[in-house]
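Participant: Taken in sequence, the protein lines are chains A and B.
So in our numbering, spot 496 of the first sequence is number 496, and the numbers just go up one at a time.
Convert by adding 560 to the 1-based position in the second sequence; the result is the number in our numbering.
Don't read these hints as lab results, they were simulated from the structure.
One thing to keep in mind: the hints can contain errors.
[To be verified] Dumping the calculated DSBU-like pairs for lysine-lysine here, alpha-carbon to alpha-carbon at most 35 angstroms: (1) A:K47 with B:K623; (2) A:K87 with A:K443; (3) B:K602 with B:K623; (4) A:K550 with A:K486; (5) B:K562 with A:K257; (6) A:K443 with A:K177; (7) A:K257 with A:K175; (8) A:K257 with A:K545; (9) B:K602 with A:K47; (10) A:K486 with A:K47; (11) A:K443 with A:K536; (12) B:K602 with A:K486; (13) B:K623 with A:K175; (14) A:K443 with A:K486; (15) A:K177 with A:K257; (16) A:K321 with A:K146; (17) A:K87 with B:K623; (18) A:K545 with A:K486; (19) B:K623 with B:K562; (20) B:K562 with A:K47; (21) A:K321 with A:K407; (22) A:K175 with B:K562; (23) B:K562 with A:K177; (24) A:K146 with A:K545; (25) B:K562 with A:K486.
As a plain string of letters, each chain reads:
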Amino acid sequence: MTQSNSHSVGHYQYEERDRAFLQERINEFEGQVRRRLAGELSEEEFKPFRLMNGVYLQLHAYMLRVAIPYGVLDSRQLHKLADVAAKYDRNYGHFTTRQNIQFNWIALQDMPAILRELAEVDMHAIQTSGNCIRNVTSDEFAGAAKDELMDPRIYAEIVRQWSTLHPEFTFLPRKFKIAISGSPEDRVAARFHDIGLLARPSEHGPLFRLFVGGGLGRTPVVGQELFDSVREEDLIATLEAVLRVYNAFGRRDNLYKARIKILVQTIGLEAFRKAVEEELSRMDCAAYRLTPEHVAQIRARFAVPDLQAPADAASLFEQHKQADPAFARWVASNTHPHHHDSYICAVISLKTPGAIPGDVTAEQMHGLADLSARYAFGEVRVTHLQNLVFGHVRKDQLYDVWQGLQKLDLAAPNVGLISDIVSCPGLDYCNLANARSLPLAQKLGARFGDAALQAEIGALSIHMSGCINACGHHHVGNIGLLGVDKRGAETYQILLGGDGGENAAIGGILGPSFAEDEAVEAVARIVEFYLAQRQKGESFAAMLKRCGLKAFKEVAYETV
Amino acid sequence: MKRLSRPGEGEVLLLTANRLLDGRIVWLGEGERWRESIAEAKRFSYEEAGPALERALAAAAQKEVVAIYEVVAHDTQPPEPVTAREVIRAHGPSVHPDFSYDDALARTPAQEKERAQ
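Pulled out of the complex, with its shape left as it was, chain A reads as follows (with noise of 0.2 angstroms):
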């Protein structure tokens, strides 16, 4: 494979004062470590410091929540984490429905070492915890997506760059996510988000739609559209504004009204954009404006994929699916059509029935990384359903690709079906949660994992949280599920109707929670339900329109 220059495709290229600034930070972090072990520093001194580098104290252990920078990775950078994994965990790896990856079992005293090894491929831990702006995450199709209107990562990157240690948002009064798109369809959950941004281009340059105040978690709300045509040039000034009005009037006296979402609630849409245009009004904006050189700058730092394939490339992926059934049904449900008429995009599912959602083991990384710098320039992405994609295949390769992630055992052919379940970790490691919702993901899995039954069910997600900080988004699931505690004992609400994309749509709450296994028998009911009543082509969103909850509560709760 080749490139147009020698950056890595996908992601920005560190320059080297990047990595002097990794090593000074690392530095740091050193010191502070070493003066916890001594006793210098108190955990309640030490806690501010390691959170800032995405140390976490879980149930088990540490937690090592590693950034990907708009969910990109390149080859080189997979098979480092494949080995922290194996040489400082227990040989396995969590992504996250942030685009991130966890590491759950890490010893604090091993974790400057590892911050060591990741800087040595360009990565880090910096703003993946901690009331600060988060790691900003993109759509998983970027750069190669036949419906893309524009690539986002460049101004991705260009948030990244500006909120890094931001002076000014290091503490703010909650965390901050910012997601951002260039395609018609929100693959990204935009309307979720604090931040959204949907880019497009216009004949005066991109213009960016602005939503805020959006979010999950324990108060869901669908974001508002502050702004619909933000220009490239104002881009970064709407940002800081947004985030000066919610640093100067977001609450600190309460941790569950912090987030921007109750601010905007609070005061009204109108207000907060009144407050917005007056900072603006009294900001330097020529200082924040984004020129186009600055924009030329950052995407001469992304590699370009020369998408060079032979002629018949398209006829011989025909000719392998017709050979190959179970690679045509792998095909249908896991690829996306390319802008390249000789290329496709790969979707990696994290899925497979009875495993643990978006676990990967140091094997299976260092086996992905090897197929992705053999068919797709070395880049892998994570997506915010926690599953992997590779960007740019050869459609004539796709079919080696396939078999070698057979081999691997990540070829389940079930991506946007109902056993491509997004799970958070759940009680089993995770300090907040009330419920396990691992065991319950690999039962619906399981319970669900037949290719051709889910063929025959069509479009269905489920989304599970362990508790109502909603880290699994069971708020946006078509079947939502929410691990809740009852006097120490698990059980599990069920929502309906959740939808995270242009559609935007909090499930509904059907009733009384559900013991594990009544949990799993209400499900299938609810399924058999759909599959039972709906008309042809009906959406499991459009029937649940049509029929009402109220109908498929009496068939959840059927039986109980």
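Using the hints provided, position chain B relative to the given structure of chain A.
Facilitator: Just chain B now, kept in the frame of chain A:
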């Protein structure tokens, strides 16, 4: 200091923490030593647990533990936590039987070495 959980009939209190160095879950045992197995946890009545927790908190830095708190457990042999959360802390993540603390403690050093290879 926050109010302690009150054990019910047939229940006791245990004290637990995470080890500073690696985050490993530990239980306060006899001689105020932190142990890896819940089977070695010392049982406290509600009245005994308060002063014991205060002593443990005061010695946390010296004993190299963090996040100390009390857990309600059934007064069985070994004690078994009442809540799902503490059962998982005591025995390991339910989705990874291979990470079970009970198995780890039962394994001989030779078996551990074999697993690591």
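Participant: Take the C-alpha atoms of K443 of chain A and K486 of chain A, compute the straight-line distance between them, and say whether it is at most 35 angstroms.
Facilitator: Given pair K443 of chain A, K486 of chain A holds - Cα atoms ~21 angstroms apart, limit 35 angstroms.
Participant: For the pair we were handed, K443 of chain A and K177 of chain A, check the Cα-Cα distance against 35 angstroms.
Facilitator: holds (31 angstroms)
Participant: Between the alpha carbons of K562 of chain B and K257 of chain A, is the straight-line distance 35 angstroms or under?
Facilitator: Holds, at about 24 angstroms.
Participant: Regarding the pair K321 of chain A and K407 of chain A, is the alpha-carbon distance no greater than 35 angstroms?
Facilitator: holds (19 angstroms)
Participant: Straight-line Cα separation of K146 of chain A and K545 of chain A no greater than 35 angstroms?
Facilitator: Roughly 31 angstroms between the alpha carbons, so the hint for K146 of chain A and K545 of chain A holds.
Participant: Is K257 of chain A within 35 angstroms of K545 of chain A, Cα to Cα?
Facilitator: Since the Cα atoms of K257 of chain A and K545 of chain A sit roughly 31 angstroms apart, the hinted pair holds (cutoff 35 angstroms).
Participant: Below or equal to 35 angstroms on CA atoms is what counts here, so check K486 of chain A against K47 of chain A.
Facilitator: With Cα atoms ~30 angstroms apart, K486 of chain A and K47 of chain A stay inside 35 angstroms; holds.
Participant: Checking one constraint from the list: CA of K562 of chain B to CA of K47 of chain A, max 35 angstroms. Satisfied?
Facilitator: holds (20 angstroms)
Participant: Within a Cα-Cα threshold of 35 angstroms, do K177 of chain A and K257 of chain A meet the stated pairing?
Facilitator: holds (16 angstroms)
Participant: Does K486 of chain A sit within 35 angstroms of K550 of chain A, going by the straight-line distance between their CA atoms?
Facilitator: OK: K550 of chain A and K486 of chain A at ~24 angstroms, within 35 angstroms.
Participant: Given the proposed pairing of K602 of chain B with K486 of chain A, does the C-alpha separation stay at or below 35 angstroms?
Facilitator: holds (27 angstroms)
Participant: If you draw a straight line from the CA of K562 of chain B to the CA of K177 of chain A, is it 35 angstroms or shorter?
Facilitator: The hint holds at about 33 angstroms.
Checked against the numbered hints listed earlier, the structure breaks none of them; every hint is satisfied.
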